[in-house]
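S.K.: Please build the complete structure, drawing on both the sequences and the hints.
Protein chains: 2
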Amino acid sequence: MTASSASQDLPRAPKTGGSVVISVDAMGGDRGPSAVVAGMAESAEKNPEIRFIVHGPEAELTRLIGRRKTLADRCEIRHAEGVVTMEDKPSQVVRKGAGSSMWSTVESVRLGEAQAAVSCGNTGALMALSMLRLRKLPGVNRPAIACLWPSRNPQGFNIMLDVGADIRADAHDLLQYAQMGASYARNGLDLATPRIGLLNVGTEEHKGRTELRQADELIRAAAADGNFSYVGFVEGGDLPSARVDVIVTDGFTGNIALKTGEGTAKLVGDFLKDAFSNSIMSKFAALLAMTSLKRLQKRIDPRRVNGGIFLGLNGTVIKSHGSADATGVSAAIKLAFTLSKSGFQDRLAARVAQIAPAPTEDSGAAR
Amino acid sequence: MTASSASQDLPRAPKTGGSVVISVDAMGGDRGPSAVVAGMAESAEKNPEIRFIVHGPEAELTRLIGRRKTLADRCEIRHAEGVVTMEDKPSQVVRKGAGSSMWSTVESVRLGEAQAAVSCGNTGALMALSMLRLRKLPGVNRPAIACLWPSRNPQGFNIMLDVGADIRADAHDLLQYAQMGASYARNGLDLATPRIGLLNVGTEEHKGRTELRQADELIRAAAADGNFSYVGFVEGGDLPSARVDVIVTDGFTGNIALKTGEGTAKLVGDFLKDAFSNSIMSKFAALLAMTSLKRLQKRIDPRRVNGGIFLGLNGTVIKSHGSADATGVSAAIKLAFTLSKSGFQDRLAARVAQIAPAPTEDSGAAR
Numbered sequence: 002m003t004a005s006s007a008s009q010d011l012p013r014a015p016k017t018g019g020s021v022v023i024s025v026d027a028m029g030g031d032r033g034p035s036a037v038v039a040g041m042a043e044s045a046e047k048n049p050e051i052r053f054i055v056h057g058p059e060a061e062l063t064r065l066i067g068r069r070k071t072l073a074d075r076c077e078i079r080h081a082e083g084v085v086t087m088e089d090k091p092s093q094v095v096r097k098g099a100g101s102s103m104w105s106t107v108e109s110v111r112l113g114e115a116q117a118a119v120s121c122g123n124t125g126a127l128m129a130l131s132m133l134r135l136r137k138l139p140g141v142n143r144p145a146i147a148c149l150w151p152s153r154n155p156q157g158f159n160i161m162l163d164v165g166a167d168i169r170a171d172a173h174d175l176l177q178y179a180q181m182g183a184s185y186a187r188n189g190l191d192l193a194t195p196r197i198g199l200l201n202v203g204t205e206e207h208k209g210r211t212e213l214r215q216a217d218e219l220i221r222a223a224a225a226d227g228n229f230s231y232v233g234f235v236e237g238g239d240l241p242s243a244r245v246d247v248i249v250t251d252g253f254t255g256n257i258a259l260k261t262g263e264g265t266a267k268l269v270g271d272f273l274k275d276a277f278s279n280s281i282m283s284k285f286a287a288l289l290a291m292t293s294l295k296r297l298q299k300r301i302d303p304r305r306v307n308g309g310i311f312l313g314l315n316g317t318v319i320k321s322h323g324s325a326d327a328t329g330v331s332a333a334i335k336l337a338f339t340l341s342k343s344g345f346q347d348r349l350a351a352r353v354a355q356i357a358p359a360p361t362e363d364s365g366a367a368r
Numbered sequence: 002m003t004a005s006s007a008s009q010d011l012p013r014a015p016k017t018g019g020s021v022v023i024s025v026d027a028m029g030g031d032r033g034p035s036a037v038v039a040g041m042a043e044s045a046e047k048n049p050e051i052r053f054i055v056h057g058p059e060a061e062l063t064r065l066i067g068r069r070k071t072l073a074d075r076c077e078i079r080h081a082e083g084v085v086t087m088e089d090k091p092s093q094v095v096r097k098g099a100g101s102s103m104w105s106t107v108e109s110v111r112l113g114e115a116q117a118a119v120s121c122g123n124t125g126a127l128m129a130l131s132m133l134r135l136r137k138l139p140g141v142n143r144p145a146i147a148c149l150w151p152s153r154n155p156q157g158f159n160i161m162l163d164v165g166a167d168i169r170a171d172a173h174d175l176l177q178y179a180q181m182g183a184s185y186a187r188n189g190l191d192l193a194t195p196r197i198g199l200l201n202v203g204t205e206e207h208k209g210r211t212e213l214r215q216a217d218e219l220i221r222a223a224a225a226d227g228n229f230s231y232v233g234f235v236e237g238g239d240l241p242s243a244r245v246d247v248i249v250t251d252g253f254t255g256n257i258a259l260k261t262g263e264g265t266a267k268l269v270g271d272f273l274k275d276a277f278s279n280s281i282m283s284k285f286a287a288l289l290a291m292t293s294l295k296r297l298q299k300r301i302d303p304r305r306v307n308g309g310i311f312l313g314l315n316g317t318v319i320k321s322h323g324s325a326d327a328t329g330v331s332a333a334i335k336l337a338f339t340l341s342k343s344g345f346q347d348r349l350a351a352r353v354a355q356i357a358p359a360p361t362e363d364s365g366a367a368r
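Chains as they are written, first to last, in the numbering used here: chain A, 2 to 368; chain B, 2 to 368.
No lab work stands behind these hints, which were simulated from the structure alone. Please note that a few of the clues may not be correct.
A pair counts as met if it fits within one copy or between any two copies, since identical chains are not told apart.
Said to hold, decoys possible - Calculated cross-link-like contacts (lysine-lysine; reagent style PhoX-like; alpha-carbon spacing at most 25 angstroms): (1) 97 / 274; (2) 295 / 47; (3) 137 / 284; (4) 274 / 284; (5) 90 / 137; (6) 70 / 90; (7) 342 / 47.
M.R.: Given below as structure tokens:
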């Protein structure tokens, strides 16, 4: 089959009977639309229930999708000329981004055509667009970005939020992060009663900033009704630990912790490669150790945990890593699918509605 | 030689001609005084110029030191009954800690008997005692703890501060951290013109908290006179990078980054062990890969970077890791020695004196 004949055969609407539709932004990632389409094909192959609405330049997408048999009959292309780059400022994108693939991707979720959106593009712009078009869930002050973190837990991952939606968070925001993180852990990681920890510099109650001591009390009091258990303060070293499933923090601290963890894992990995390429003997050892090294790589592969999720909006948006390859994109799509199937968005909205809005005197005290 | 005959031979005063005297707290570490004395012996063997004043229960120390030939003639024991534990609150230690080995250790630096102090004990208590007895350098508002971080730089390490002396820092404090960190890099890592970065969630000037934008301007303006170069904002992923030598941040963020990095490195290390013990084949591979794995371990061994230094006091105090073994204690002592030989304390004081105190209107705006 040639590319052109395939593209002519391509149907223009996804069949939605029993299936989940994911809205995918083909543009804005470091590896361009071919990596994104490759990731879609990987997902489609593994999961017959997934269908896509994919956004970007029609001619290019038609060509790329035409090459993938598994995507035939399961993709709708939405033409969008504009591309949001990594350098674009969120405020500009909000004003001028209406023709972009990113805008169009979010729009499909807003209109209810798709259950969730996935984009590899500029995080700040994606959050700004999502806030503008989807709006915050009633009662949510600050939406958050939650990420997965490799851990010693049976599920293999812990959740951390916020990792960069907002550089501030007061005590009531942190309580909402706990509730939203717990809901994500129940639906995304299938944990009945997730254990929540609050990130601090010490594990004792008298330590740390005022808003953390207040949040500690609020989260403790909300645990029973919120269907989670609260383990109290945790430290940076606990992020991969088995004593907690969800780590709550503000977006400044969370973003620094996330990037520090990624940077450290990469450093150790590079040092490992150096060590094994040091001599002929060590190269031979590496050959024999290949299976073991691959097993390690799989456990800490950042592509497996690809997909930061935006929580607190009227719709599910997944931010894939900018440098994601097919495997990374596929992991992000899988996450979008799992959450859509579980009815996560409605459950999250119900959870957030449970929390009484912050009393005025409280929010005054917290900041 | 038996322990008792050795202890009888032990002289009571160190010979200081041409040598550096380090004041060592034998107590308060997780492994007890035997690990500390073993570390002293390791240092003494490598470096004939080091002498010690060691603080703790006399009988036990006499016995432990008596067993080490290399320490004969080079140690003075100062009897101290009390021990500061990891659970003691800094405020209590300040009020009641006068009889403790930690207090006595700091006191030797205050009295000028020793050039630097080393303790494996409770960080908060050590900082509180050091502040109380040594006092802050004139002009310093918030002292800081600086740590070494394994990096891709030729020197093998980067410096980060503050990693936990104070949970707050305003713009002027961050400027002082930059100056003190640069001085530490010049004297401790032998870098003529250290490159300073300010930790933030983005590398663009418009991002991040107000005090960070102000600090960015202050540090940029101080670079030429301060004998350092300023690379601007850096992110968590840059902590081990080769584009910066010193990373400046507040003690809350720094502590979380430090523990996140340590925790991630430990996780990867444990996963690596798991991977290599998975099957007979992988165990055999591990045996062959031993040299390579040891090379890796050496590069990321936290014991090699052992020694957080307190900056901004009238005296040099090194906080060794609580769980430090002989190698870790020896690394901390080596750092104390290097800095003492370079005349670091006087140079640091001169640097800090260079910076004009924060104008009142500035510090008001920063918080």
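S.K.: Next, verify each hint and record whether it holds.
M.R.: Okay, the hints, checked on the actual structure:
{"no.": "1", "hint": "97 / 274", "result": "neither (45 angstroms within a copy, 52 angstroms between copies)"}
{"no.": "2", "hint": "295 / 47", "result": "within (22 angstroms within a copy, 40 angstroms between copies)"}
{"no.": "3", "hint": "137 / 284", "result": "neither (54 angstroms within a copy, 53 angstroms between copies)"}
{"no.": "4", "hint": "274 / 284", "result": "both (10 angstroms within a copy, 19 angstroms between copies)"}
{"no.": "5", "hint": "90 / 137", "result": "within (21 angstroms within a copy, 43 angstroms between copies)"}
{"no.": "6", "hint": "70 / 90", "result": "neither (37 angstroms within a copy, 66 angstroms between copies)"}
{"no.": "7", "hint": "342 / 47", "result": "within (15 angstroms within a copy, 64 angstroms between copies)"}
In the structure shown, a violation is registered for the earlier hints numbered 1, 3, 6, in ascending order.
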